[in-house]
Amino acid sequence: MSGILTYALHYEGEFNKNSLGAVSEAAKLAKELGQEAHAVVVGDDVTDELAGKLGNYGASKVYYASAPVGIAQPVVDVMAKLIQDNGYSYALFGGGLLGFEIGAGLAARLGGGVTMEVTQVKVQDGKLVAERPILQDSAIVDVDYVGEPGVIIGRLNAFEIAENGGSADVEKVDVELSDFSTKCTMVQRGEQRGADVNIEDAELLVGGGRGLGKAEGFKIAEDLAEALGGAVAATRAVVDAGWYPYAAQIGQTGKTVAPKLYLAVGISGAIQHKVGMQNSENIVAINKDPNAPIFEFSDLGIVGDLNKIVPKLTEAIKAKKGG
Amino acid sequence: MKICVLVKEVPDAAVEKRMDPNTGRLDRSGEKNLNPFDTHAIEAAMQIREGGAVDVDEIVAVTMGPESAVRALHKAVSLGADRSVHLTDESLAGSDVVATGYALAQALKAENPDLVLLGQQSDDGECYTIGAVVADHLRMPSLTQVIKIDVNGESLRCERQAEYGYDTVDVALPAVISVGDAINEPRYPSLKAIMGAKKKPLDTKSAGDVEIDTSRVGQDGSKTAVLAINPPPEKQAGEIIEDEDTDETVQKIVAWLDERKLLA
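If you read the protein sequences in the order shown, they are chains X and G. The numbering of the first sequence is the numbering used here, which starts it at 1 and goes up by one. The numbering of the second sequence is the numbering used here, which starts it at 1 and goes up by one.
Just chain X, with the same shape it has in the complex:
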C-alpha cells in the first residue's frame, strides 16, 4: 500500500490547527498522487467522534491508539507500526513541537529521510519533493527522499486548512509501546501562565522582545498598543523569562498571527518568531542593532533606541488620532 500518514495533535477536545493543515495538505497531495491520506490520533481521551472529525479535512481513514497524550515517543511507536504494517510512503506533520519530535524519531526508527521547516510540498515524477528554506530563508532547497518513508515536517502555518465535508473510517488500534516510550510521565499538561490576551484577533499588534530590557519595559509597548487601539504580543524569550504571559507569545511554540500591522519593538527577528508573524500585512521594526534579522523582512525599519522613540511615537499617535 502507498499513501500519506499524518499525525494530528489534540488538546482539550480540539485539534491543533497546524495538524489540521497537515491533514488537509496530505489529502491534497495524496489526490495528486492517486493515493489516500490517513491520519493518526494518540491519547488517553480519544473518541470515535473526535477521530472522525479529521474526515472533514480529507483523511479517508483515521487510526487512534490509547497511549500517554502529549508525549512524542508513544506516537512514534504507533506510527512506526502502522507504516510497517501498511507501507505508507510518506509521513507528514504540521509545524510545532510534537511534529518535530515525532517526525524526527519516526525517521530514525524506520531509517527514512526527514526534512523539517518545510514550506511547500510538490509532486514531481510521482514522488513528493519538499521545499525548505535554509540559512535564515536566504535560499530554498528542494529535497528528495531516498527510499521510504519520507518524513515531512512543515513550518508553522505552512499548510492551509481545507474542509471538504468528508468523512473517515475510524479504527482503534492497539500498539505495544517501546520500553523507553513509557518513561516520560506527563505530570501536568498545558499549564497557562499569566492572563489571557487575544492577540490572534487583533488587527494591530505591538510585539515586544528582549530589547525591552525587563518585564517593566513592556509598559512602553502596552502604551503604544493602547494608543494604536491594538494588543501586545511577545517573543518566546521574554515569555520564558517570565516578563509576559504565554498567551501573548508568537512563534514556533506560540501563536501565529497575520494582523494589518505588526510593530516590533526590541525584537531581533529570530526564525522561530518570524514564522509566527511573517504574514502580517505591514511590518514595522524598531531596534538599535542595524544587523537585526527583523530588518530583512520589515516594510519599515527604524534603527535606534526604542526607549527614546517609542514613548514619543505613542504621544504622536495619540495626538494624531485625537486630532
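Calculated from the structure, these hints are not laboratory results.
List of simulated lysine-lysine pairs, DSS-like, C-alpha gap at most 25 Å:
1. Lys318/X <-> Lys261/G
2. Lys260/X <-> Lys318/X
3. Lys320/X <-> Lys252/G
4. Lys219/X <-> Lys318/X
Fit chain G to the known structure of chain X by using the hints.
Here is chain G on its own, set in the frame of chain X:
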C-alpha cells in the same frame, strides 16, 4: 552520574552564510563558534553538578565534525566540561539529520551516559530534531524544548513549552533532553579555564572506533538528497530610517502608518 553534552560548531551568527553550489552543502569555511544553544546545555549540566541533588562524576562534551570542530570542544571544556570526545571521519561528511543522529548515538553508546543534554536547535538550521533521533537510537526517553530541570532521585522533573502551554513531565534516567535558551544564563569562562581548556583530555574517535556502519552515514548513507538550491522569491526591501533626530523619526513613522490607513 555521567552527563554527556552534545555540542556543535556552527558558523558565527555575524558572518553571512552561503551554500557551496558545487556540493549543495553549507559553506563552512568562514568563522566558527560553539552553537549558542549548546552553551545552555553545558550550563544545565554544571547546575545539576552544583545543585547537589546528585553526584555528577563527569561532564563530557561530544561533537561530530571536521578537524576545526575541536575549537567548539575547547569552548565547551572552558565552560565546565571535564573532557571531550571528537568523532571525526571522512565517511561522515555530508550526513543528513538521521545519519548524524545515528553516528552521534554510536559515540554516546561508547560513553554510556546517564543523561545526554543538547541545545534544542543549532544556529545553522537543524531544527529541534537531533535529540529525538539520538534518543531513538539509544532507546532512551526524550524531551525537547525543556526550560527547567530538577533532579528527583532516578528521574528528572522537566518543564517544557508546548503548542498549548507549559507541560511538566517526569523523565526516568537515562534520558536525552534538549534544552531551550530560557533554561539558564550560561556563565562566562574564566581566563584560567580558557587557558586550561587545551590541556583537558580530548579523545579523537573514528567511525570504526565507535562501530559506526559507514553505509548508514555520509552523503551516500543519507536518506535525503538536495535536488536544487534556489533563491527565495524576491521581496522588495523595506525602508530603513536611522534615528538621528527622534522627533523627525517619529513624524516619519506616523506619516507611514497614516498613509496605510493604520491610524484610523
